[in-house]
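Could you put together the complete structure from these sequences and hints?
Listed here are the chains, written in short residue letters.
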Amino acid sequence: MAVFRREIPTAVLSFIGIVILLAFFTTFDIFETLDGVFTSWIPVVSAVSVGLGLIYMIYAQYMNYQRDKNLNNMIYLVVPLIFFAIFFGTAMLVPGNISSDAYQWLYFHIYQNVGGVIYAVMFFTLASSAIRTMRLVTKDPAGGYQFRLEAAALMFGGLIYTLRQIPLFQVYLPGIVGFGELIMLVPNVGGGRAAVIAAALAAITVGIRTLWGKERTTTEVD
Amino acid sequence: MASVIGGFIGTLFIISVMSMLWKDNVFFRFGQAAIMGASVAHYTFMNFQSVHTNAIKPILAGNVLFIIPVILGLLMYARLSSDLSWLAKYPTNVLVGVGTGVMIAGTLRGQIIDQIKQTILDAFTGFNGIIIFIGVVTAFSFFIFTREHTGALGTSVKIGRVFLMISLGANFSGELVWYLTQMIGRLMYILNEFIWPLLGA
Amino acid sequence: MATARERLAKATRFYQIIWALCLIGMFIPLISPLGLPVTVSEPVKDYYNSIVELPEGSVIAVSFGASASLLDEQEAQFLATWKTIFKNGYKVIFYCSTEDASIVINNELDEVVPESFGYTYGEDYVILPYSPLGEAGQAAFAQSIRSIYSTDINGDPLNSIPLMQDIDNHEGIDLLIYQYTSCTDIEWAVRQWVVPYKTAVIATTLGCCGPMAAPYYPTQIQGFLSGSGAGTELEVVSGNPGPGAAMSDAKNLGILPFLAAIIWMNVKPFIGKED
Amino acid sequence: MIKTGTYLDIVLMIVMVAASYYYYDKTKDPNWKPFIRHIPALDAISEGVGKSVEEDKPVHFAMGASGGQLYSTLVSMTLTALAFLRYITALCAEYGARLIVHMPYQTESIPIIEGTAREGFAFAGKPEMYRRDDMRYYGRGALTWTQGVTMSYAEEGVGLNLSIGIFYSDCPISLEMAHIMGGMNVGGTGRWIMVYAFAMMCDYVFLGEEIYAAAAQVSEDPAMLSGILIEEVGKFFVYILLIVGTLLAAVGLDVGALLSL
Chain A
1 MAVFRREIPT AVLSFIGIVI LLAFFTTFDI FETLDGVFTS WIPVVSAVSV
51 GLGLIYMIYA QYMNYQRDKN LNNMIYLVVP LIFFAIFFGT AMLVPGNISS
101 DAYQWLYFHI YQNVGGVIYA VMFFTLASSA IRTMRLVTKD PAGGYQFRLE
151 AAALMFGGLI YTLRQIPLFQ VYLPGIVGFG ELIMLVPNVG GGRAAVIAAA
201 LAAITVGIRT LWGKERTTTE VD
Chain B
1001 MASVIGGFIG TLFIISVMSM LWKDNVFFRF GQAAIMGASV AHYTFMNFQS
1051 VHTNAIKPIL AGNVLFIIPV ILGLLMYARL SSDLSWLAKY PTNVLVGVGT
1101 GVMIAGTLRG QIIDQIKQTI LDAFTGFNGI IIFIGVVTAF SFFIFTREHT
1151 GALGTSVKIG RVFLMISLGA NFSGELVWYL TQMIGRLMYI LNEFIWPLLG
1201 A
Chain C
2001 MATARERLAK ATRFYQIIWA LCLIGMFIPL ISPLGLPVTV SEPVKDYYNS
2051 IVELPEGSVI AVSFGASASL LDEQEAQFLA TWKTIFKNGY KVIFYCSTED
2101 ASIVINNELD EVVPESFGYT YGEDYVILPY SPLGEAGQAA FAQSIRSIYS
2151 TDINGDPLNS IPLMQDIDNH EGIDLLIYQY TSCTDIEWAV RQWVVPYKTA
2201 VIATTLGCCG PMAAPYYPTQ IQGFLSGSGA GTELEVVSGN PGPGAAMSDA
2251 KNLGILPFLA AIIWMNVKPF IGKED
Chain D
3001 MIKTGTYLDI VLMIVMVAAS YYYYDKTKDP NWKPFIRHIP ALDAISEGVG
3051 KSVEEDKPVH FAMGASGGQL YSTLVSMTLT ALAFLRYITA LCAEYGARLI
3101 VHMPYQTESI PIIEGTAREG FAFAGKPEMY RRDDMRYYGR GALTWTQGVT
3151 MSYAEEGVGL NLSIGIFYSD CPISLEMAHI MGGMNVGGTG RWIMVYAFAM
3201 MCDYVFLGEE IYAAAAQVSE DPAMLSGILI EEVGKFFVYI LLIVGTLLAA
3251 VGLDVGALLS L
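Chains as they are written, first to last, in the numbering used here: chain A, 1 to 222; chain B, 1001 to 1201; chain C, 2001 to 2275; chain D, 3001 to 3261.
One thing to keep in mind: the hints can contain errors.
To be verified - Using C-beta positions, here's what the derived DEER-type ranges look like:
no.	chain 1	residue 1	chain 2	residue 2	range
1	B	N1128	C	K2045	19 to 27 Å
2	B	I1071	C	D2156	35 to 43 Å
3	D	K3026	A	A2	21 to 29 Å
Claimed, not checked - Dumping the calculated DSSO-like pairs for lysine-lysine here, alpha-carbon to alpha-carbon at most 27 Å:
no.	chain 1	residue 1	chain 2	residue 2
4	A	K69	D	K3057
5	C	K2010	D	K3057
6	D	K3235	D	K3003
As the list claims (entries may be wrong) - Some chain B residues flagged as far from chain C (calculated, every beta-carbon gap over 10 Å):
no.	residue
7	I1009
8	F1027
9	F1045
10	L1180
11	L1191
12	G1200
Everything labelled a hint here was simulated from the structure, so no lab data went into it.
Every value quoted in this text rests on a predicted model; they were computed, and no experiment measured them.
Positions of the beta carbon are idealized from the N, C-alpha and C atoms, including for glycine.
The following block contains the structure:
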């Protein structure tokens, strides 16, 4: 039995991964065909599993409510179900499904609208973190001043390019546009490119280990 | 009227999400719970459609091979049983197998070799190109893990970290101004969809 | 000496004041515009010129991959671009590469109304429906439009649409306007349109994607718009006012409290204020 | 037989596979221990778990709203995050801290995440500490995820917030809210464009690729540890290409064409 739990699933993984690599590197049609078959399965496997999320979501909320029957937990248990019913019901039952006016109304005013707000909230959280971290000098307990080179570099890159994007400074701070672009196209490219190459090498190493059957997460976890 | 009501509801949701910046409150929780239900519904419906288009239709048209991914998808639910949970490993490993293959194939060229090529070509375009080259070489040395960062390597890492930090700062700024725009966009929504129509402007 | 918890509460209160000031700063210009001038940058000028310098009767393809929740960042770019195209009478093929794109483009054209510029659907412009194109799809489109799309968004066969009669690949396209929201996707346009066919390409994207588009300009892409700021610049250079002006105005005051707070935090250690 | 334009990819692949073969062979020796430089953020994880127990608050583990990608080019980061999940379950079991896992929206990743958490506790000898209701799922997208996570911080408190994995525009909210609610942030992502948020909001950060090296260190798994050395071979190859390429370009060769092979 153990072989069905460990070795066979690992072999399946390695086989599929290697086939996809061969389809990429070689001109043999067989690999191209198999690649097409496997990749066409992916959206289906993923889509069929969607109910699992619903189960976990409801279960966690139900258990929370059972543990502590307060108003917050009550809201958390009931409100998602009501809105699930409204959205899902409209999508399933109203003629035209998600293209119907009713669903579009819900989508525009609730889903899409609030989808935009979440990015808006990030302006504030980012701003406060920047206020906290973009400090050139800190005072040590002995009363001396300490210059923080790395924070300065972060601040330099961050503020110059921010000013470059705001019309007020484009008008009253001549040269900021060119200088901002220079930061973006020279030191930013240097640092960013090194980080991308390094992370790519690490990703490939994990990939090889996975195909080799030595990645613990995909082999051992039952 | 439907539009003003829509604008009103939309505005309420905007305020409920934003209220978490002030403090945790029932209003925020209601909004959060509602959006969670709505999003799972939208996601579930889109996936139903996807299964219908990508599996049911082909199966009905005689392409029985598509029964396999449906079965694999159903095996994911084995996770709910402690005795059969290992069955979920099959669909998971099929997905990871595809992912790993695609990842290795795409990464080798796009994120390593092309980047090296561009760095070398840049180095011969003038002073800026040379700075980029120095940035890549020194910042890359920060990611060496099998040597202590002392001596020449230490110096290189120090320079490299400055490049890395400028890059982080630039990324920060790009996103900050984008998020600022999104906030302004939501304020415009409140004005255009709710306040102005309500005032009859 | 304040405890860690008290310090945190105090800091949070300070942030909340700054947030509130930023919000007020954004709100004021929306009600009472400042009308500050906008400096038009080179990539935007080149973007505009790439469109208006096309010969009469040219065909523009628009690869449209908009996301509904990111419209705030791009709507000004879109509206100004469509108006510029329609004013000059070019033919346009819109093709949708994301699920949201077909809904968004319909809403956009409801607002701009090509018919008010004397356009007729099918003869002067056409919309092709959503298809999950990806890089391979872009390559296929450049080789043969009919290999990807057999019908337009209304379900009419391409061969029955007058505009599409003689067009099936990159040869029929004089300019590609490439719109995207995932920063690395610019490479697809470069690899699948510019490198093999030397098609003229201009791009529109989010503000945060500008840095990744910039290395390809001006050698491979002829111009680009990144973020709503560039949208405003296009409104100015093309003479088509739109939502971008108000947004740019609001940015000016919205960012100031944040900048002031940064300066304050940097001055603080020197004037003996407690951390 | 071999597609043009992929020759150099294959060379690099062969180098990495050969290095893997060599170092996996080395791991057969139980005394083999490679030197790996210290990563400061690692110590902070156990410190954070200790802090959580002291304050009687839970430890939160987040892999990103979209951190469950199993079949995209970011799959390595998902697997790396799971190595950390395994580590944090062991630490929580050891210290007796409650662990809340904020799962990403990709439902297909739920089995592997849940399995890793469950086995992590079982392996540490405390299977009873695993609680399914602490495996949280919030629906699709950054929107509901960030709100759900924030809600959980507010409701249940936050001691340590360990955020490692694939992060998009979700971490600027989750990390900052954890900070504001008094939590200690430790984390990192391999997506360079979002690393800035970690650098600015975390008490201890793993910069980019450091998450992979750190995962290997915490795993104490020889195969993962040898992975760091395999990467170093890759880095050596990169430096060689950079130097040789620059020299060849300096003498007038068309390096662009050579590197397009």
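Quick one: work out the minimum CB distance from B/G1200 to chain C and report holds if it exceeds 10 Å, violated otherwise. Consistent with the label, B/G1200 stays out of reach of chain C, its closest Cβ about 16 Å off (over 10 Å).
Against chain C, does B/L1191 keep a CB gap of more than 10 Å to every residue? violated, 6 Å
Given the hint of 21 to 29 Å, is the C-beta distance from D/K3026 to A/A2 inside that range or not? holds, 27 Å
Holds or violated: are the alpha carbons of A/K69 and D/K3057 at most 27 Å from each other? holds, 20 Å
Status of B/F1045, Cβ more than 10 Å from any chain C Cβ: Check passes; 12 Å lies beyond 10 Å.
Please verify that the nearest CB of chain C lies beyond 10 Å from B/L1180's CB. Non-interface label fails for B/L1180: nearest chain C Cβ at 6 Å, not farther than 10 Å.
Do the beta carbons of B/N1128 and C/K2045 sit within 19 to 27 Å of each other? The hint (19 to 27 Å, Cβ to Cβ) holds, given that B/N1128 and C/K2045 are roughly 22 Å apart.
Within 27 Å, alpha carbon to alpha carbon, are D/K3235 and D/K3003? holds, 25 Å
Would you say the C-beta atoms of B/I1071 and C/D2156 sit inside 35 to 43 Å of each other? holds, 39 Å
Cβ separation check - B/F1027 to all of chain C, threshold 10 Å: holds, 17 Å
Is it the case that B/I1009 keeps its Cβ farther than 10 Å from each residue Cβ in chain C? Holds: least Cβ distance 17 Å, greater than 10 Å.
Restraint check for C/K2010 with D/K3057, where alpha carbons must lie at most 27 Å apart: Measuring from Cα to Cα gives roughly 22 Å; hence the hint holds.
The structure shown violates the earlier hints numbered 10, 11.
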